[in-house]
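Chemist: Read off the chains here:
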Amino acid sequence: MEQYTISDKVKRFVFILIGIGVLAMAADIIISLVSGGGAEHAEHAEGGHGHHAGWGQRVWANMLINGFFYFGIAIAAVFFMAVQYAAHAGWSVVFKRLFEAVGSYLPIGAIMLFVVFLAGTFDLHHLYHWMDSSVYEMYLYTDGMTGEEFREGAVMNPSYDTIIVGKKAYLNKPFFWIRAIVFVGVYIFFANRFRKRSLEEDISGGTNIFRKNVVDAAIFLVFFGFTSMVFSWDWIMSIDTHWFSTLFGWYVFSGMWAGAMIVVTLLTIHLKNMGLLKAVNDSHIHDLGKWMFATSFLWSYLFFCQFLLIWYSNIPEEVTYYQVRFEDYKYIIWPTFFINFIFPMLLLMSRDTKRNSAFLTLVGLIIFAGHWVDTYLLVTPGTMKAEGQLGFFEVGMALVYLGIFIYMILRSLSKAPVMVKNHPYLEESVHHSI
Amino acid sequence: MHKEADIRTPLILGEKTYHQITEEVCAPVEGKANKYWYAVFGLALVLGMWGLGCITYTIGTGIGTWGLNTTVGWAWDITNFVWWVGIGHAGTLISAVLLLFRQRWRMAINRAAEAMTIFAVMMAALFPGIHMGRIWMAYWVLPLPNTWGSLWVNFNSPLLWDVFAISTYFSVSLVFWYIGLIPDFATIRDRAVKPVVKQVYSILAFGWTGDVKAWVRFEEVSLVLAGLATPLVFSVHSIVSMDFATSVIPGWHTTIFPPYFVAGAVFSGFAMVNTLLIITRKVLNLETYITIKHVELMNVVIIITGSMVGVAYLSELFISWYSGVEYEGYAFFNRVTGEYWWSYWAMMTCNVITPQLFWFEKIRTNLITAFLLSIVVNIGMWFERFVIIVTSLHRDYIPGNWSMFHPTFVDIGIFLGTIGLFFVLFLLFSRFFPVIALNELKTILKVSGEGYKKQYKAKAAVSSDDTANVA
Numbered sequence: 548m549e550q551y552t553i554s555d556k557v558k559r560f561v562f563i564l565i566g567i568g569v570l571a572m573a574a575d576i577i578i579s580l581v582s583g584g585g586a587e588h589a590e591h592a593e594g595g596h597g598h599h600a601g602w603g604q605r606v607w608a609n610m611l612i613n614g615f616f617y618f619g620i621a622i623a624a625v626f627f628m629a630v631q632y633a634a635h636a637g638w639s640v641v642f643k644r645l646f647e648a649v650g651s652y653l654p655i656g657a658i659m660l661f662v663v664f665l666a667g668t669f670d671l672h673h674l675y676h677w678m679d680s681s682v683y684e685m686y687l688y689t690d691g692m693t694g695e696e697f698r699e700g701a702v703m704n705p706s707y708d709t710i711i712v713g714k715k716a717y718l719n720k721p722f723f724w725i726r727a728i729v730f731v732g733v734y735i736f737f738a739n740r741f742r743k744r745s746l747e748e749d750i751s752g753g754t755n756i757f758r759k760n761v762v763d764a765a766i767f768l769v770f771f772g773f774t775s776m777v778f779s780w781d782w783i784m785s786i787d788t789h790w791f792s793t794l795f796g797w798y799v800f801s802g803m804w805a806g807a808m809i810v811v812t813l814l815t816i817h818l819k820n821m822g823l824l825k826a827v828n829d830s831h832i833h834d835l836g837k838w839m840f841a842t843s844f845l846w847s848y849l850f851f852c853q854f855l856l857i858w859y860s861n862i863p864e865e866v867t868y869y870q871v872r873f874e875d876y877k878y879i880i881w882p883t884f885f886i887n888f889i890f891p892m893l894l895l896m897s898r899d900t901k902r903n904s905a906f907l908t909l910v911g912l913i914i915f916a917g918h919w920v921d922t923y924l925l926v927t928p929g930t931m932k933a934e935g936q937l938g939f940f941e942v943g944m945a946l947v948y949l950g951i952f953i954y955m956i957l958r959s960l961s962k963a964p965v966m967v968k969n970h971p972y973l974e975e976s977v978h979h980s981i
Numbered sequence: 397m398h399k400e401a402d403i404r405t406p407l408i409l410g411e412k413t414y415h416q417i418t419e420e421v422c423a424p425v426e427g428k429a430n431k432y433w434y435a436v437f438g439l440a441l442v443l444g445m446w447g448l449g450c451i452t453y454t455i456g457t458g459i460g461t462w463g464l465n466t467t468v469g470w471a472w473d474i475t476n477f478v479w480w481v482g483i484g485h486a487g488t489l490i491s492a493v494l495l496l497f498r499q500r501w502r503m504a505i506n507r508a509a510e511a512m513t514i515f516a517v518m519m520a521a522l523f524p525g526i527h528m529g530r531i532w533m534a535y536w537v538l539p540l541p542n543t544w545g546s547l548w549v550n551f552n553s554p555l556l557w558d559v560f561a562i563s564t565y566f567s568v569s570l571v572f573w574y575i576g577l578i579p580d581f582a583t584i585r586d587r588a589v590k591p592v593v594k595q596v597y598s599i600l601a602f603g604w605t606g607d608v609k610a611w612v613r614f615e616e617v618s619l620v621l622a623g624l625a626t627p628l629v630f631s632v633h634s635i636v637s638m639d640f641a642t643s644v645i646p647g648w649h650t651t652i653f654p655p656y657f658v659a660g661a662v663f664s665g666f667a668m669v670n671t672l673l674i675i676t677r678k679v680l681n682l683e684t685y686i687t688i689k690h691v692e693l694m695n696v697v698i699i700i701t702g703s704m705v706g707v708a709y710l711s712e713l714f715i716s717w718y719s720g721v722e723y724e725g726y727a728f729f730n731r732v733t734g735e736y737w738w739s740y741w742a743m744m745t746c747n748v749i750t751p752q753l754f755w756f757e758k759i760r761t762n763l764i765t766a767f768l769l770s771i772v773v774n775i776g777m778w779f780e781r782f783v784i785i786v787t788s789l790h791r792d793y794i795p796g797n798w799s800m801f802h803p804t805f806v807d808i809g810i811f812l813g814t815i816g817l818f819f820v821l822f823l824l825f826s827r828f829f830p831v832i833a834l835n836e837l838k839t840i841l842k843v844s845g846e847g848y849k850k851q852y853k854a855k856a857a858v859s860s861d862d863t864a865n866v867a
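Line by line, the protein sequences are chains C and D.
Add 547 to the 1-based position in the first sequence for this note's numbering, that's all there is to it.
Add 396 to the 1-based position in the second sequence for this note's numbering, that's all there is to it.
You may find that some hints are simply not true.
What the hints assert, rightly or not - Calculated cross-link-like contacts (lysine to aspartate or glutamate; reagent style DMTMM-like; alpha-carbon spacing at most 25 Å):
#1 C/759 - D/615
#2 D/853 - C/834
#3 D/850 - C/975
#4 C/715 - D/722
#5 D/842 - D/692
#6 C/759 - D/402
#7 D/850 - C/834
#8 D/412 - C/975
#9 C/968 - D/757
#10 D/855 - C/975
#11 C/714 - D/712
#12 D/399 - C/974
#13 D/399 - C/834
#14 D/838 - D/615
#15 D/758 - C/763
#16 D/594 - D/712
What the hints assert, rightly or not - Output of the computed footprint for chain D on chain C, the stretches with three or more beta carbons under 8 Å from beta carbons of chain D:
#17 706-720
#18 790-798
Calculated from the structure, these hints are not laboratory results.
No residue lacks a Cβ here, since even glycine has one placed at the ideal position from N, Cα and C.
Put together the whole structure using the sequences plus the hints.
Modeler: Written out as structure tokens, the structure is:
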């Protein structure tokens, strides 16, 4: 039985990762205090709707970026595992535990996200324009005024926003919370159930548990198919409250999926390097590499479709979204597209590179960072306007979250044998050869 | 050799030998057609001729013979075009994507599906041609610098991208299909008795020898073509969707169009494959190769892609409200409740609601329900394109221009004609070409054949008894 234990070396690595992250964040804060530049400047800058994009906003925005990025990877891993069940896929059975482990981050990830939502609900930040209660009031100073008095004395509220008022039936705090809690609750329920059954299967065997998982996977996929779109509207698209794009949900999802494939590939390589997962052969690594390649393409395809159609039509309701990104973030958005598209396309096209662990690790780490920056670009322009920065603070917080993310996954891995037993397709997977 | 789990359903039923596969797949090519084939072929031919007549009339008189008017300038022509291109997608998906995914069940259906793709794309390509009005100017869509001035094609236009996309798609699909056919033509050549037949198939087979080297190259080429064709599955219908989505017409301009058109295309394509193969397997006695499992798996693809289309419909509907844009909101309100409400609801029912019946195993493994629902899907997908095109156009920005579209007999005739021609081609294919990739199918016999699977199981049982005894 192959058992994973978190070695001291790995523990040290995680610790150092978090340490560097904290130091980087501290450094950024100290620099800005000493120089009095960045933050001070941001504090006085004119935000889009009268909000100031200051330090507070920056911290919360980063918590949303990282909260969403790692949560997204975890749920996409559960999604992929469900696809494997529903499709009766054989090849991936040998490293099924890795998907379960990545999925085990879900509860922590959800808490980290919910902290941001909670703060928004109590007006501690202005990430979500629609959470601002002032946009719903048409008049200022109307207390007790009636009739003639009202007509003469009422003052129009400058922050009143008809478009946001029009969305109130959907974008309001209670309904937002109901959706968030129900979606995340159901995801965690299914992730736990897959995991529990998988452990049971190790002991009891038979095909019964597998069949139950197939049914569950189908139900989960239907639920996830609808709700993944909705949560990306709620948590990300509603930052730019006026803006809308029907493709947005699938686009965001493709990034999450690519992230999950990268994480599972890197984990597999890590375990192989530790001498575990002996049944995983070159063909498995090759296929994981293909998934990295394919999901990168999917992401690029959806990125480009959304961009092309909005750029081409050039209507004011939509095009503002890209205007901000191409004016204030042009040194970030184009390299991101390059790293997430051209880079894996050129480097992972060949069969040899997809079978080379060192190469896959390198490419994987780079496009992992690329997808993090993509998430950064989903959040920052809407919350920080032109003041968004990509400095020590951003990188530092990403590393802190990464450390926690890695630790939670490895902890889950160490709790059960890394190889499943008794799965009906296990033999197929062990003999996988392409 | 690949190991296959016991719980996988065998893909070739009965205890077949290699020779039996050859015999059974070649039988329709070598035998004579029965009277039903002639009856259906005759009917399809008459329909096709009627369509050709209508096309001739259109070209001779002008597209004023169609029901178009100044408000609705695109209607059945583009609807039919998109419908046929979409149907074509299943063949490419089965031959390319399922090859990359190493799905063994594709072996029994890829040949027919690819043939269907070729014929469907041919039918599709007809419509932009005749809709130009002056078909003799059709070469103007090619990026040729002309001799009368510096007039070029408009590279900014998605309609031009469409020309490139469809022609690339057709060429790659044709090459893919033909390369797959070469070993099978060689088999027919080697078995042919009549000299003329032998001569014809020998030309078609390109001198295939069937040695190891030839097979190695064959597999390499298949994989490369699959790699090339996979992006085409996405690009072709994405570009078709951009014909609409790059515009600023409410109901056309929405960013989800490219992937949602691709999903819809695969959806309708698989429905058409089911329509054709449920009949073909029966008529040509191929029930042991194209099994209920194959039909079931295609129904599963239908339910997945149908649900994706459903998600897209609902998100479009939701966002039209969420956007707060008056025109968007109206476009969708008009779709659901306006004068064309019946086409919207036909689309919703056929594409989203009825395919959900396939969640029931009884329904998706029943040939009659699978056949009926496959036709329902095709009707639904035709309506989808009609809804998108006509309902968005018929309400112009200026209410004075509001109008309706009424098809003339020419519109109807051309559409029915393409269905006729499509069936003419498919029926000819089923008599002269091997409907199943018989040589490729043989590669999975020892892995997924029922007889072999039984043997392995028996062996495994014996050996486990042995170990038990030793213990």
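Chemist: Each hint: holds or not?
Modeler: Consistency of the hints with the structure:
| no. | hint | in the structure |
| --- | --- | --- |
| 1 | C/759 - D/615 | violated, 38 Å |
| 2 | D/853 - C/834 | violated, 29 Å |
| 3 | D/850 - C/975 | holds, 17 Å |
| 4 | C/715 - D/722 | holds, 16 Å |
| 5 | D/842 - D/692 | holds, 22 Å |
| 6 | C/759 - D/402 | holds, 18 Å |
| 7 | D/850 - C/834 | violated, 30 Å |
| 8 | D/412 - C/975 | holds, 23 Å |
| 9 | C/968 - D/757 | violated, 29 Å |
| 10 | D/855 - C/975 | holds, 17 Å |
| 11 | C/714 - D/712 | holds, 15 Å |
| 12 | D/399 - C/974 | holds, 7 Å |
| 13 | D/399 - C/834 | holds, 17 Å |
| 14 | D/838 - D/615 | holds, 14 Å |
| 15 | D/758 - C/763 | holds, 19 Å |
| 16 | D/594 - D/712 | violated, 56 Å |
| 17 | 706-720 | holds (count 5) |
| 18 | 790-798 | holds (count 7) |
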